[in-house]
Amino acid sequence: MEGPLRLLCCFLRLGLAGCPPFVCVCVCLLSTSLFVGGVHAESTLEQSASRLIIALGKKGYHDTAITVLDQLLQNDAVSDSFREKIPLWRANERVAGVRETSDTGQRQRAYEQAVSDFKQLLEGNQNPSVAAEAAFQLGMVFRDMGRLSRNQAATDGKDGSEAQQFFLSAVHVFVGPRSGQTASSAIEKELQQVEAIIREFRGQRLITSTDRRLLNQLEQSREKLRGRRVQVQLLAAETCSEMAECFDQHSKEWGRSLEEALQRYHAVYLSTPTRSAGLWARLEEGKTLLALGRKKEGQEVLLEVTKLPSSETLIYQLRVKAVDALLADWLNTASLIDDQEFDERLRQFALGENRSSAINSDLLAMKYRSAELLWRRLETSSEDSKDARKSLLADIRTLARDVAKAGDVHAASARKLLGKLGGQDAALAERLGRSFAASFHHAEKILDNYRKNPSGTQRSVALARLQEVLRSAPSQTAEDQDLKKEQLALLRYQVALLFYEDKRYHEAVSLCDFLVKRSLYDPIAQKAAVLAFASWQALVAQQNIDWGESATAQMGEMASAIMGRWPRDKCSADAAEVSITLALRNGNSAAIKSVLQSLDKDVAGRSEVLLRGGVALWHLCQHPGNGQNSTLDELRTECLQDARRVLDEGLAVIDEKKALRGKTLEIALAGAIARCEISLYSGNNDSLDLFTLLTHAGYGPWQVFQDSSTEFPLSIYEAGFHVCIRGFAKVQRYDLAIQAMKCLIANVSSNKEAKLRLVRTAVSVGKKLFEGIEERIAQDSTISVQNGFSEDELEFIEQLLDFTKAATDQFEVLSWVAFTSGRLGLPGDGVVPNIPNGKRKSFLTQAAVTIEEILSHAALPQSAKTSWRRELVAVRSNLGQWDAAVEQMRVMLADQQNNRSPMLQQYAADLFQKAAQDSQSLEQAREYFRAAIVGSRVRIDVGESIVWGWGSLASRVSKLAFGSRGGVADKMRNVYFEARYRLAACRLAWARKEVDTSIKTRLLKEAEADIKIEAQLHPGLGSDASRERFEILLDTIQHESVTISRTK
Amino acid sequence: MKTMEYKHLEILPRSILGFIEAVLRSLLIFCIYAACQNEARVAAADQVITRKETLFGKIESVSTEAVRFLPRGSTNAIREIGVTDVVMIQFADEPKNLIEAKKRLITNDFDGALEALEQVDEGEIQRASVAVRGEYAYVRVVAAGSVAMDTTRELSSALSSIEDVLDKFTRSIHYFDLLETAGDLERALRRYDKATAIYKKISRGPPPMVVRAGRLQGNVLAAEGRHAEAIAEYEKVQSTDLDGSFIEQEKIKACLGQAESLIFLSRFDEAVSLISSMLAETYPEGDPVIATNILLGKAYSLLGQSFLELKQDQDALIAYLTVDLVYGDVPDTHAEALFRLFHLWNKGGYPRRSAEVRQRLIEAYPQSTWAAELDPSAK
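In the order they appear, the protein sequences are chains A and B. For what it's worth, numbering that gives the first Met the number 0 labels the leading residue of the first sequence as 0, then goes sequentially. For what it's worth, numbering that gives the first Met the number 0 labels the leading residue of the second sequence as 0, then goes sequentially.
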């Protein structure tokens, strides 16, 4: 195997040893070069873009690579064949971009997204090269997820079953078994295609120069594919080996995984025994044998590797690794006989010059272990064998010095070994110990100690020591200056963190500010920015008048900086959320909008930020701050539109595949509630499907409150149920509205204010119901059953009335209850054509009781008393409670102003007449008839109640009625003729009620006389219609008279 | 009687075998001799490098419009290779440093070409054929002329050198190249009428040269500040019906010239649109890679400039990154790209990336004006 694939295999292992960027780079290189092997002509844009993306990946600028890919996707000039590769590249870059981050949450999310992307590509794509690449990358991501899970399990003390699944998935994707495409099968397919095309070319007799060029490309592709085929097998073996780390050592599963890895390594070796991949596999085979306890076999294999002729760097590195593995194994044994194979050849190899371009950790490890083994031999050698001891000492010295100077992970141990040698070696060790690397290591130990016991005292000690390290750092040596700078930045960050934990926020801010502006190391700068933000937040919370305002401004600036510099990271979303909270507190909706606008569309946690922002905007719509006039319609409309848009967007981007929990659920719920509120506020101007949102499985308030065992703050709980009541009422699901009400009542029964809020909602909903009915009637003026309340609505209103009546004795509420009950009970109202009688009576009774409460309410204004009494009269009379009605009437007419009112007197006369007609007792009826005809004066508690009766009413209004022309005269004329008519009618009614024939006759005569006299006085009798009425009445009276005379 | 014993693989008696062996040995010697002769003949062949292939054989004759060439192994099939297909010719008796100088000239490494020429023995050139002397003269004056235009120094003397060469070597295949360089020098000296006159001579050549002349005329108009007219000329070039990789290159150059004029006229969105359309065409595979890289570097640089003016920083960043990481062959274009990237990375909040490009600019191009802007101590 030549060229890039050999390099790739080498880099793969380096990747495992800690150089991940190279893995990604070479994977990208390979993946792109595979596409170049295709036979279609790319445009200049596509060629340039491909090369740019590779170069950006190589530099680690994955975010920029993604930006380029996004742009290409939008570019119409890009061909379809190029476009179909973009999702694959994008997913690759996304994964590559997070491989180095320490934010495990971010990595997890990126991996999950990548898995989804790659699976989609595998399922959808028929292009074999894309499928092969997608399968390959999917396997790599599964491996990464396995490692992440395994590391997390180790930290949390959990088992590695999840990690094992990931590793297993990786193996299946690489080589099977799997129901879909595997990388191996896809590569085979692609290889067959390429070979078929090559055969076609070879079959041609004449090959043009263009064809020759294409043929060269195809042959290169074929080589790469062959290499990739081996690589996939190797990766499967390595994955099995890694999977073993998920289990307890020497457990069955552990052994099984390693055995599988062993078989796979062996198979790779057999397939390519002389190529780099095969040799690599052989090395791994040896190491796996050692791990499985098959020492003899393992050592034989590794010794074989150490004997490879190392003409190339890669082979040399393999030899180094093999020697290192052998040494590790020998050092594990107590017996010196076991390490006899570390002979002169290997000893010289360990001492030999470094053949690779840079000192690497494998070489240093080998040297150190060699020194250790030789030291062991020195300790057990006889004092007599001076030459042998001298030689051993010399070699130990050389090896230990090499390692100590390199400053690697074994440097401290190598220094210890030099210390044991004493003299100049010990002095050198001491000098080397003063290097920056040693100081940094010392600082790490200090922090470790503090973290184990984070008390205030320990913190002060840690701070002092770290500051000491920072002070002496500039004068200390370091092999790698860049690494030193990075480590210094890290230490400064740790100091800032300690300041923060010590509540020395100003100092923390100063240091973090420096790091944010000056540090070239992005992860550290990011951490520092977040810490600075938190420090400013803490300072704002102190509400100090001296720096409070400045701290708020600084918070805003830092939030902008974080969002601008790390737009897609979680810290950006966090900063946005905090900024929104601050802006809400200050009543600044423009600031909220600005934060939302600068939010990146790919940021993690975008939906939460949008929902928070939307809820905040809605709150400000209802309670504008900053001196805004809440009645300004334009501002309000704009604010409402913004809130609506942001909430819709936030709800739309919620990841519905994941179950919402905790804070995320709370925010989603709050957002849904706010959105429902907006919809209810906007009425028909909002197209939201309210019912769907209320009952949404993930975050609909109704569903969440039913299903969730989560405790929510009362404010959300209450708001949610309020919105459910109103919303369900609006969509005419009264059953659910009633349920919601009952749930809320049960929960707020002891909370007075919450109860009152519910009362307000109930009243508002009730009013809306009536408005709705009235609107329906206005559109269709027929008073019909269809336009009236339905049974459900009636039941709902009843519940509302019952609850509100019982909940409070506030005047306004009682008024609404009385008024509404009255409307529902009294006949003649368009909204209630279909209410059963029993229900009517019930409403009327409620109305009566409520009105009586109102009449005795302290808040009732004097001027309203008469209206309420009149209402009560109407209610009582509809209930057939005439005595009570009459009593109220008398009370009203005891008032001088009232008893001079013709309208009231007319009402009274009518009441008495109806009461008389309905009365069961003749005596009572006679009394009422008398009052209706001639009036009455009765003394009651509040004064003398004067009823005019029909007769007196007519005479009292006659002057006004016939004295002049005009509105009042016309009205009075109507009253006059009505009174005269009713006078006669009343006598007739009395006559009919009466049992005494003489009284009957008298009454009828009087009635007849009333009409005849009137006809003489006013021949027109008011109007044609009125005269006709009189005539009909006269006929009736006369007929009645005749009937009575016949029965005598 | 002695029995003759035959070994398993021997099918002939020894005596006969010996004779055959002698014959075979002679044949072998003869073959080796002949091969040596052929190798000598191969080493002594002329070469013509075109856009698609390299031909070995004998250059029969050269004119301003074509090379008449007899490919190796052929007896009478003379090929005529047009001037626009010729990338480089090489005579059998050319000194290797001259060949090296010509290779550097093709890659626009003019200083390198002059350096290589300094290694050429003057005496050897004097003794060489007219053709070789012509080659030497051509490389010398074109390289010197290009350096003069870069540094804006000694333009007149460079021009007169070219005029001398044109007078002396009237049948050179490089005639049109020499005219172009002369015209460019006149343009650099702001003698636009003379430049136009020289370019007109180019237009008397074969049809592809007419296209080139049109483009060069566009350059003159642009230099004079007559951008609208320059654009018209460039458009004419781009709408020509001729094809072939020479024409494709001319079209690209005209497109870039037009884009520059559009930028001068502040018509940035049109410049973007024009360059984008050009980039949407198929990648020019057949051309020498370096020539393509130089043109595309320029294209992306102009694209970046336009995007900057349109305040589309992200698009500008991508364009300049393409120059830096993909087409950074021309020092001045690359240096400018690094300079722009420094500011764009800073603006985007990437101090580390910004510091890295600054470092590269100062290290790679310490003498450039762009580096001086970022590192005043270097001035």
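One should not assume that every hint holds.
With a Cα cut of at most 30 Å, we get these calculated DSS-like pairs of lysine-lysine [stated by the list, open to error]:
#  : chain 1 : residue 1 : chain 2 : residue 2
1  : B       : K310      : A       : K592
2  : B       : K310      : A       : K57
3  : B       : K102      : A       : K484
4  : A       : K600      : B       : K310
5  : A       : K516      : B       : K57
6  : A       : K729      : A       : K741
7  : A       : K188      : A       : K118
8  : A       : K58       : A       : K741
9  : B       : K102      : B       : K57
10 : A       : K729      : A       : K840
11 : A       : K592      : B       : K102
12 : A       : K569      : B       : K200
Among chain B residues calculated to face chain A with C-beta under 10 Å, some are [unchecked claim]:
#  : residue
13 : Q46
14 : E59
15 : S60
16 : L264
17 : R266
18 : M277
19 : L316
20 : I317
21 : T321
22 : P350
23 : A354
Hints listed in this document are in silico derivations from the structure and should not be mistaken for laboratory results. Ideal Cβ positions, reconstructed from N, Cα and C, are used throughout, including at glycine.
Hints and how they fare:
1. At roughly 23 Å between alpha-carbon atoms, K310 of chain B and K592 of chain A fall within 30 Å of each other, so this suggested pair holds.
2. Simply put, K310 of chain B and K57 of chain A have alpha-carbon atoms about 28 Å apart, close enough for the 30 Å limit, and the pair holds.
3. For the proposed pair K102 of chain B and K484 of chain A, the alpha carbon gap of about 45 Å is over 30 Å, so the pair is violated.
4. With a CA separation close to 21 Å, the supplied pair K600 of chain A and K310 of chain B stays within the 30 Å bound.
5. Taking the CA atoms of K516 of chain A and K57 of chain B, the gap is near 67 Å; set against the 30 Å cutoff, the hint is violated.
6. Our distance criterion of 30 Å between C-alpha atoms is met by K729 of chain A and K741 of chain A, whose separation comes to about 18 Å.
7. Pair hint K188 of chain A plus K118 of chain A holds up; C-alpha atoms about 18 Å apart against a cutoff of 30 Å.
8. Proposed proximity of K58 of chain A and K741 of chain A is contradicted: the alpha carbons are some 63 Å apart, above 30 Å.
9. At most 30 Å may separate the alpha-carbon atoms for a hinted pair to count; K102 of chain B and K57 of chain B meet this at roughly 20 Å.
10. A threshold of 30 Å between alpha carbons decides the hint, and for K729 of chain A with K840 of chain A the separation of about 28 Å falls inside it, so the pair holds.
11. Of the pairs offered as hints, the one joining K592 of chain A and K102 of chain B is violated, with about 61 Å between alpha carbons and a cut-off of 30 Å exceeded.
12. Restraint check: the Cα-Cα separation between K569 of chain A and K200 of chain B comes to about 66 Å, which exceeds 30 Å; the hinted pair is violated.
13. At its closest, the beta carbon of Q46 of chain B sits 17 Å from a beta carbon of chain A; the interface hint therefore is violated under the 10 Å criterion.
14. Using the Cβ-Cβ criterion of 10 Å, the hint placing E59 of chain B at the interface with chain A is not satisfied: the shortest such distance is roughly 24 Å.
15. Nearest Cβ of chain A to the Cβ of S60 of chain B: about 26 Å, over the 10 Å cut. The hint is violated.
16. With 10 Å as the threshold, the beta carbon of L264 of chain B stays out of range of chain A, its nearest partner Cβ sitting at about 24 Å, so the hint is violated.
17. At a threshold of 10 Å, the smallest CB-CB gap from R266 of chain B to chain A is about 20 Å, leaving the interface hint violated.
18. Of the supplied interface hints, the one on M277 of chain B holds, with its beta-carbon coming within about 7 Å of a beta-carbon of chain A, less than 10 Å.
19. Taking 10 Å as the C-beta contact cut-off toward chain A, the hint placing L316 of chain B at the interface holds, the least distance being around 7 Å.
20. Given hint, I317 of chain B at the interface with chain A, holds; its Cβ is 6 Å from that chain's nearest Cβ, closer than 10 Å.
21. For T321 of chain B, the interface hint holds, the least distance from its beta-carbon to any beta-carbon of chain A being 5 Å, beneath 10 Å.
22. With a least beta-carbon distance of about 6 Å to chain A, the hint placing P350 of chain B at the interface is held under the 10 Å criterion.
23. The interface hint given for A354 of chain B holds, since its Cβ lies 6 Å from the closest Cβ of chain A, which is under the 10 Å cut-off.
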